[in-house]
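Undergrad: Spelled out from the first residue to the last, the chains are:
Number of protein chains: 2
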Amino acid sequence: MTAHPDHNKAGAGRTVISVDAMGGDMGPATVVAGIAKSARKNPRIGFILHGRKAELEPLVAKRKYLSDCVVIRDAPDVVSMEDKPSHVIRHGKDTSMWSALESVRNGEATVCVSCGNTGALMMMSTLRLRRLPGIYRPAIAVMWPSRNPQGFNVLLDGGADIRADAKDLMQYALMGTSYARNGFGVVRPRIGLLNVGTEEHKGRSELKEAYDLISANARTADFDFVGFVEGRDLPGDTCDVIITDGFTGNVALKTGEGTATLIAELLREAFKYSPLSRLASLLAYTSLQRLKKRIDPRQVNGGVFLGLNGTVVKSHGAADATGVSAAVRLAFQLAETGFSEKLAARVASASLPTQDADTEEDGGKI
Amino acid sequence: MTAHPDHNKAGAGRTVISVDAMGGDMGPATVVAGIAKSARKNPRIGFILHGRKAELEPLVAKRKYLSDCVVIRDAPDVVSMEDKPSHVIRHGKDTSMWSALESVRNGEATVCVSCGNTGALMMMSTLRLRRLPGIYRPAIAVMWPSRNPQGFNVLLDGGADIRADAKDLMQYALMGTSYARNGFGVVRPRIGLLNVGTEEHKGRSELKEAYDLISANARTADFDFVGFVEGRDLPGDTCDVIITDGFTGNVALKTGEGTATLIAELLREAFKYSPLSRLASLLAYTSLQRLKKRIDPRQVNGGVFLGLNGTVVKSHGAADATGVSAAVRLAFQLAETGFSEKLAARVASASLPTQDADTEEDGGKI
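If you read the protein sequences in the order shown, they are chains A and B.
Numbered according to the numbering used here, the first sequence spans residues 1 to 366.
Numbered according to the numbering used here, the second sequence spans residues 1 to 366.
Same shape as in the complex, but just chain A (with noise of 0.2 Å):
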């Protein structure tokens, strides 16, 4: 909790993000040029850069938004995509992702973003900053376009953990609450679990558990428990959160990532197909670019690790500016609330025995 001699060009009146330069695919330029990019649109920023010093100094001069409002910590070493987590975890000490989470983990910050290695931040942040008391598994919220009035959903776990008892499911639903609310103001958030359907003969043991835990829970924590839901509701307006493990969480967003490219891809082929269509690609040129924004993966890339003494934002490893500063805006919001501190008083006020589990409809707790 010490303030660094630099730290108050960063944190003077400002909410102070805690920045991993390296270890995108796109390199440190990338990152300065995305937090370049919210300083410009948010003056209440403050960053610490992490990285190797001779190369983020000259790039942050060159932005002049950045002049007053960033510091820049020396770390030689950078935790590359093929690097084993394993091996990150007894060998990363002088990293930028190692040195970005010591800032949240000394109170300079209290939201680090990274666009490195994702299971090696992930192991990382676990080891450094340590589960919230009473939590078991940490959880990676992540971003969904959605016909909802905010434009998408939450899903979690997005691939943290690749099991999840009922038990889990239930904190999950508690962080993903939190998170929606103080995220993106979504006052009262529906909360829905992942099933294959709502038939009797469907469903695994665990999830007919975790309704239970969740219904029990939904009036102390105010959310709204809309109960099971399938896998077209990710994109749908049912919910805005939605409960799952992380094997099944990551393999529902991959896939409907790999559908949305296919689309896109084949749009473009239609649009070049003759003459007339290419015309018509140009008259409807800002109309595609307004789609393409709305179910742009780099607006919604947040993915954020839950569960943790801090939060950690992790974009894309293939971010660019506007991708960075997407995830910075997040981190600042998620800042600015004071989540990490809520989301801790919300998991530690949790009913948990089952026993006491009912539905919904019992009035009778609280």
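Incorrect hints may have been included.
Since copy identity is lost for identical chains, a pair holds within one copy or between any two.
[Stated by the list, open to error] Straight-line alpha carbon distances no greater than 27 Å define the calculated DSSO-like cross-link-like pairs of lysine-lysine that follow:
1. Lys37 to Lys64
2. Lys64 to Lys84
3. Lys272 to Lys292
4. Lys208 to Lys84
5. Lys37 to Lys53
6. Lys62 to Lys41
Everything labelled a hint here was simulated from the structure, so no lab data went into it.
It should be emphasised that the depicted structure is a prediction, and the values quoted were computed from it without experimental measurement.
Model the placement of chain B on the given structure of chain A, informed by the hints.
TA: Just chain B, lined up with the frame of chain A:
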């Protein structure tokens, strides 16, 4: 195996498909329109049509292409979408679905087509047709638009059973191989096993075991095992057949479907936005229709039940005439190639003992 008196009309020199005319959301008129479409394109198909004779006769009489290739089997009851599978099994003997499966059971046809209640159809198919010798869990194989030359990938299981152990997944690989080869002419299918990533800390233990089992059978069964794949490979071109349990498969398919629908809706809205974009949509009409056809779920909606004595093609409940006709085309192809028998032979010859399972580099196995 006895020839029915009215069987000749459908069967004379034709490949006979058994069709459940009732139970789809669109009613029997749509099913009859669909088979008429198929009959017009392919004079070598014969149909045994199951449902209320009084309703079906006038519908068939209106279609000239159906005049000499349809036999109607009266069945007074209909399985509705709301009926619970367990109820249908006990009380469904007079339904068109039961009757349609009966034609496969008694050898009049080798493939059955239905648009009805999936759960009931699956349960009834398993009960009446019974599993192939050695098969523990039948599976639903579903087609999904992809970058592959054939235009789609096959995923199984799409939701027949929420669980699958290593041996089931290996049998899915064998069934998927036979299906891709006989249904779509993919001579040496590339098989992928769905997982969340290739990093060492990821993946469930049954998937690692399945990996070894599938590897061990690749040579004998003459498929290419490409190893673990991810959700994004479902619409991709890294493999032709993707293997997973029915829970994960169902969630992935419905997420992809929902995402495609969302994009289509947003695209429509984008083109309505301004006079210029409306003009553009007129000019682009044929291009967009081409795209629509390419990714239209009606073109690829033939979910097929594999692993039974006989094959059942499940069409979307909401399938229109085009969808029904696509399902009939697939059924015809599977019937003509003697798919069921080949699948049975394939499964019987598989090497099962896990102790012998070796990596694909091992040249000792046949």
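Undergrad: Now tell me if each hint is right for this structure.
TA: Hint-by-hint comparison with the structure:
1. Taking CA atoms no more than 27 Å apart as the test, lysine 37 paired with lysine 64 passes inside one copy only; the shortest distance there is 11 Å, against 67 Å between copies.
2. Taking the shortest Cα distances, lysine 64 and lysine 84 never come within 27 Å of each other, neither inside one copy (37 Å) nor across copies (66 Å).
3. For a Cα distance limit of 27 Å, the shortest separation of lysine 272 from lysine 292 qualifies both inside one copy, at 17 Å, and across copies, at 15 Å.
4. In the homo-oligomer, the alpha carbons of lysine 208 and lysine 84 lie at most 27 Å apart only across protomers (18 Å), although the nearest pairing inside one protomer, at 36 Å, exceeds that limit.
5. Only within a single protomer do lysine 37 and lysine 53 lie at most 27 Å apart by alpha-carbon distance; the minimum there is 20 Å, versus 69 Å between protomers.
6. Taking identical chains as interchangeable, the C-alpha atoms of lysine 62 and lysine 41 lie at most 27 Å apart only when both belong to the same chain, with a minimum of 17 Å there against 67 Å between chains.
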